[in-house]
Amino acid sequence: MKSVKNHLSLVIALLSILFSMQVFFIVERSINAYKVTLANNYSVIAVSKKELSSSDFASINKIISDAKELSTDSVIKRLTSDIKSTNAELLKLTLPRFYKLTLTHYPTPQETKRLRSDLLDESSITKVEDFSHTHDTTYKLLLLFKKVVALFTVVVLVVTLLLIFKELRIWQYKHNERMTIMGLFGAALWLRSAVLFRLAIVDALIASFMAFGIFIYLSSHHWVVEQFNNIGISVVVFNPVDDFLVILAVAMVISILLASLIVIGHKEEA
Amino acid sequence: MDKVIVAKDLSLSYSSNETIINKVNFSVGTGDFVFITGASGSGKSTLLKSLYGALKPKQGSLIVGGVELNGVSRSKLNFLRRHIGIVFQDYKLVKEWTIDKNIMLPLLINGYVKNVALNQVDKLLKHVRLNHQTGKYPLELSGGEQQRVAMARALAHNPILILADEPTGNLDEYSSQLIWNLLEGANTQLKTTVIVVTHQIPKTLNVDYKHFHIEYGSIHEIR
Chain A
1 MKSVKNHLSL VIALLSILFS MQVFFIVERS INAYKVTLAN NYSVIAVSKK ELSSSDFASI
61 NKIISDAKEL STDSVIKRLT SDIKSTNAEL LKLTLPRFYK LTLTHYPTPQ ETKRLRSDLL
121 DESSITKVED FSHTHDTTYK LLLLFKKVVA LFTVVVLVVT LLLIFKELRI WQYKHNERMT
181 IMGLFGAALW LRSAVLFRLA IVDALIASFM AFGIFIYLSS HHWVVEQFNN IGISVVVFNP
241 VDDFLVILAV AMVISILLAS LIVIGHKEEA
Chain B
1001 MDKVIVAKDL SLSYSSNETI INKVNFSVGT GDFVFITGAS GSGKSTLLKS LYGALKPKQG
1061 SLIVGGVELN GVSRSKLNFL RRHIGIVFQD YKLVKEWTID KNIMLPLLIN GYVKNVALNQ
1121 VDKLLKHVRL NHQTGKYPLE LSGGEQQRVA MARALAHNPI LILADEPTGN LDEYSSQLIW
1181 NLLEGANTQL KTTVIVVTHQ IPKTLNVDYK HFHIEYGSIH EIR
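Sequence lines, in order, name chains A and B.
Quick note: this note's numbering has the first sequence finishing at residue 270, numbered continuously throughout.
Quick note: this note's numbering has the second sequence finishing at residue 1223, numbered continuously throughout.
Treat the hints as calculated values from the structure; they're not laboratory data.
Don't be surprised by glycine CBs; every beta carbon is placed ideally from N, CA and C.
Honestly, I wouldn't trust all of these hints.
For the chain A half of the interface with chain B, some residues (derived, Cβ under 7 Å), not all of them [stated by the list, open to error]: (1) A39; (2) K166; (3) I181; (4) L184; (5) F185; (6) G186; (7) P240.
Simulated restraints, written as ranges between beta carbons of each label pair [claimed, not checked]: (8) B:T1204 with A:L191: 35 to 41 Å; (9) B:T1204 with A:K5: 26 to 32 Å; (10) B:G1135 with A:N229: 57 to 63 Å; (11) A:F145 with B:G1135: 32 to 38 Å; (12) A:I264 with B:G1135: 33 to 39 Å; (13) B:G1169 with A:I170: 46 to 52 Å.
Subject to a maximum C-alpha distance of 25 Å in a straight line, what follows is the list of computed BS3-like cross-link-like pairs (lysine-lysine) [what the hints assert, rightly or not]: (14) A:K100 with A:K50; (15) B:K1136 with B:K1210; (16) B:K1058 with A:K174; (17) B:K1049 with B:K1092; (18) B:K1191 with A:K267; (19) A:K267 with B:K1101; (20) B:K1076 with B:K1191; (21) B:K1058 with B:K1095; (22) B:K1023 with B:K1092; (23) A:K267 with B:K1095; (24) A:K166 with B:K1095; (25) A:K267 with B:K1058; (26) A:K35 with A:K50; (27) B:K1058 with A:K5; (28) A:K5 with B:K1095; (29) A:K5 with A:K113; (30) B:K1095 with A:K174; (31) A:K267 with B:K1049; (32) A:K174 with B:K1136; (33) A:K174 with B:K1049; (34) B:K1203 with A:K267; (35) A:K267 with B:K1076; (36) A:K113 with A:K140; (37) B:K1092 with A:K174; (38) B:K1101 with A:K5; (39) B:K1092 with B:K1126; (40) B:K1191 with B:K1203.
Same shape as in the complex, but just chain A:
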């Protein structure tokens, strides 16, 4: 029981850091995935006096991945009932060309502004519709969401680090006497600190494996899967190799840093 208690305080603190960190990663991935969906659905309409190819558009601004000419047939068809067919043909020739431009990624408001300006600098392009108002609102909402999650993660980190520093004082008190006694019998620094580092490493491993279990469970939980399906994105909630290695590394760094601070702060009693 005493042994469990020894581990529990640091394990819980580490687990909350790892949990909030992984949640931040999930949100980041979700936003990126959503941005791809938005980019696929989002397009800019350009009106040109002459025919332009996809590569012509790509040379205007690299953000343009593809350009498709919109057919004017439906417009002409509506008008042909009132005008002669020869006039309709003439009209078709004089009508400007409409292009739907798809982009490599979901643009920032600055990129949209730049794109609009680059397109209008091209002499043949007479009009650009970027739907910037709708676009800005969606983008700002995404950014707001990301910022709120980042803020939440930072708050969790700060609170948990404060808890860890409190734990550090308890550890310092608990281990000081043993380290002093070992020092009085000539134990080298590594030997005096061995118990502390072993405890820190074991706690980091426990917290990492607990986080691994929690996220493996969450990643396959139908409620979580359903939430992502609802917004039409597919996100890797937890990569058992890459994410676990990141979690393990963070847990190890924090706990070893904690142990090192205790060793550095240790003052031998005379």
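Using the hints, position chain B against chain A.
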């Protein structure tokens, strides 16, 4: 006779404005049994602390086991301490370790193989008459028993020097006598140098001992 301790113009203090031991000169030979006496606050324990490097000399030279302690490096100090056995008035046992592990501490620090160390611990527990208490934690034992554990720990690695700070200060007669017998045995049988800080020299001791008395920051060799 080889000297285990040589102090030349040694001054000790805890702060810059107060000197506790002032420019003293003394030496202790290999196999000596030395008592250091003095009134409370005279600097007996301070002097003992300086002998295991817990207090650095303010001035002068202090050589213990061939190691100059004035300006000694941490690694040299560790090396020296591995050859010293210390008995503290407050025992200084690791509470979360069993008494066996406490006794094993200097053996493990000195690189003994675990099985050899365990055998040595068994012998020592019998030696201090605590073999029936094996596996217990220090706080489960009486003060006298804890001091006997501390004594066993000090003897475990056959040190060249044993430093004892009022080792029988709070003990009953039986435990006190046992401690003196153990110190006497280490000195006569193993030729271990023993330095004991005490208020009162026991009358029943069967060794030829030296007696240093500290007064007003000076050391006087009485015997």
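Residue hint A:L184, partner chain B, criterion CB-CB below 7 Å: For A:L184, the interface hint holds, since the closest Cβ of chain B sits about 6 Å away, which is under 7 Å.
Are the Cα positions of B:K1101 and A:K5 separated by 25 Å at most? holds, 22 Å
Hinted pair, alpha-carbon criterion (25 Å max): A:K267, B:K1049. Please report holds or violated. Holds, because 16 Å separates the two Cα atoms, which is no more than 25 Å.
For a C-alpha distance cap of 25 Å, please report whether B:K1191 and A:K267 respect it. violated, 34 Å
Is B:K1092 close enough to A:K174, meaning Cα to Cα at most 25 Å? holds, 14 Å
Proposed proximity, B:K1095 with A:K5 (alpha carbon, max 25 Å): holds, 17 Å
Hint consistency between B:K1023 and B:K1092 [alpha-carbon to alpha-carbon, up to 25 Å]: Outside the cut-off at roughly 30 Å; violated.
Holds or violated: the hint that A:G186 contacts chain B, with Cβ atoms closer than 7 Å. holds, 3 Å
Agreement of B:K1136 and B:K1210 with the hint, judged by alpha carbon distance not exceeding 25 Å: violated, 37 Å
Going straight from one Cα to the other, do B:K1049 and B:K1092 come out at no more than 25 Å? Holds, at roughly 14 Å.
Are the Cα positions of B:K1058 and A:K174 separated by 25 Å at most? violated, 31 Å
Between B:K1058 and B:K1095, is the straight-line Cα distance small enough, at 25 Å or below? violated, 33 Å
Consistency note: the structure conflicts with the earlier hints numbered 1, 2, 7, 9, 11, 13, 15, 16, 18, 21, 22, 26, 27, 29 and 34.
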